[in-house]
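Protein chains in written order, with the numbering used here: chain A, 165 to 322; chain B, -2 to 179.
Honestly, the hints are just simulated from the structure, not real lab data.
Given the structure is predicted, the values throughout are model-derived calculations rather than measurements.
One thing to keep in mind: the hints can contain errors.
Once the Cα atoms are required to be at most 30 Å apart in a straight line, the calculated DSBU-like pairs of lysine-lysine come out as [unchecked claim]:
(1) A/K207 x A/K262
(2) A/K262 x B/K24
(3) B/K36 x A/K262
(4) A/K207 x B/K36
(5) B/K86 x B/K162
(6) A/K266 x B/K24
(7) B/K165 x B/K36
Which chain A residues face chain B? A few, computed with CB under 8 Å, are given here [stated by the list, open to error]:
(8) A168
(9) D208
(10) L212
(11) V213
(12) Q215
(13) G225
(14) L226
(15) F258
(16) L287
Just so you know, even glycine gets a beta-carbon here, dropped at the ideal spot from N, CA and C.
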Amino acid sequence: MIRAMVFVALLLAVLPLSPARAVNPDEMLTDPALEHRARVISKDLRCLVCQNQSIDDSDAGLAKDLRVLVRERLKAGDSNEQVIDYVVARYGDFVLLKPPVKASTLVLWAGPAVVALFGILALILFYRRRRTASPVAAQPLSAEERARLNKLLEGDAP
Amino acid sequence: MKSRLPYLLPLGLFLVLALYFAVGLTKDPKIIPSALIDKPAPEFTLPPVAGGKTPGFATADLKKGQVSIVNVFASWCVPCRAEHPEINKLAKMGIVPVYGLNYKDTPQAARAWLNQLGDNYTATGADESGRVGIDWGVYGVPETFIVDGTGRIRFKHVGPIVGDKLEKEILPLIRQIQGTGK
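Construct the complete structure from the given sequences, taking the supplied hints into account.
Here it is, written out as structure tokens:
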């Protein structure tokens, strides 16, 4: 029992030191500059199987195939843009973790700013109105109101 | 009395957002629209599954003037097993050639799978590296493409064709694409 607990404790202590690396050493390019570009590109490409991971993070088979493909294109002399365009031509804009700015994605990009603008506008209007509003307490009671108030106060007395 | 509009604005905004998200939630996030719809099928030549009954196929086979089906499958894919009887049914109808794209499989496993479940494909190409699959934008098997007579991809179905999907979705689409000619 104690042995098992020690084992688990050791395991937990060691685990954070070895983060899951999807990129296998045998996939890596010998040229460090090219390999670096490959990593940059694959961090921006979505793994379509697991969807919210990049192919750089994912262990899915398709992610591995795409990583190898990216490296092949780079070795063949493609620029980063050409490699990304190659993948987008096959999988569409969805494969990009950061969607491009275009007419169909305008709401996505401008939406938060527009909402924030509305919020700021509402705040300004709110405080402005509060400052300019005439203080209600300054208006004296009319005779009628005073009479009603007195009546109420009298009725309340013991 | 002042206008009520400013107070109704947040409610209106909430309703718009709620509707937007409600529609979004009914959609299956696993289904990604193909980037290849209405584009020509990618150029490829696939060898047959080694030792299989049918030949391989290539882009030229899809440009023979008739609507064809390309069904991406693999022996390691469980939903493919569920789907296969429907694919057999479609192939036996004889209204369209049905091509099998054997995705990232070993010839032995693919052969055994086809022998066991029935092989009615017009031809089956073996894509052992998965490269042709990537060119087709395949991200999960099974996937089924409808290609028109000019070799243009017109429709992609992601996931197994089971239940009434063949009758309700695939067959009407085939007829529709056949009807529009080419």
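Hints and how they fare:
With a C-alpha separation of about 10 Å, the suggested pairing of A/K207 with A/K262 holds against the 30 Å cut-off. For the proposed pair A/K262 and B/K24, the alpha carbon gap of about 21 Å is at most 30 Å, so the pair holds. Taken as a hint, the B/K36 and A/K262 pair is honoured in the structure, with Cα atoms around 24 Å apart against an allowance of 30 Å. With a C-alpha separation of about 28 Å, the suggested pair A/K207 and B/K36 falls inside the 30 Å cut-off, and the hint holds.
Between B/K86 and B/K162 the CA atoms are separated by roughly 12 Å; this keeps the pair inside 30 Å, and the hint holds. A threshold of 30 Å between alpha carbons decides the hint, and for A/K266 with B/K24 the separation of about 23 Å falls inside it, so the pair holds. Restraint check for B/K165 and B/K36: satisfied, since their Cα atoms lie roughly 25 Å apart, inside the 30 Å limit. For the restraint placing A/A168 at the interface with chain B, the shortest Cβ-Cβ distance is roughly 35 Å, beyond the 8 Å limit, so the hint is violated.
For A/D208, the interface hint is violated, the least distance from its beta-carbon to any beta-carbon of chain B being 17 Å, above 8 Å. Among the interface hints, the one on A/L212 holds; its C-beta lies about 4 Å from the nearest C-beta in chain B, closer than the 8 Å criterion. A hinted interface residue such as A/V213 counts as satisfied when its beta carbon comes closer than 8 Å to some beta carbon of chain B; here the least separation is about 6 Å, so the hint holds. Against a cut-off of 8 Å between C-beta atoms, the interface hint on A/Q215 holds, since the closest Cβ of chain B lies about 7 Å away.
With a cut of 8 Å, the hint placing A/G225 at the interface with chain B holds, because the nearest CB-to-CB distance is about 7 Å. Satisfaction of the interface hint for A/L226 is found here, the shortest Cβ-Cβ separation to chain B being roughly 6 Å, below the 8 Å cut-off. Taking 8 Å as the C-beta contact cut-off toward chain B, the hint placing A/F258 at the interface holds, the least distance being around 5 Å. Given hint, A/L287 at the interface with chain B, is violated; its Cβ is 12 Å from that chain's nearest Cβ, farther than 8 Å.
The structure fails hints 8, 9 and 16 (numbered hints given earlier, in ascending order).
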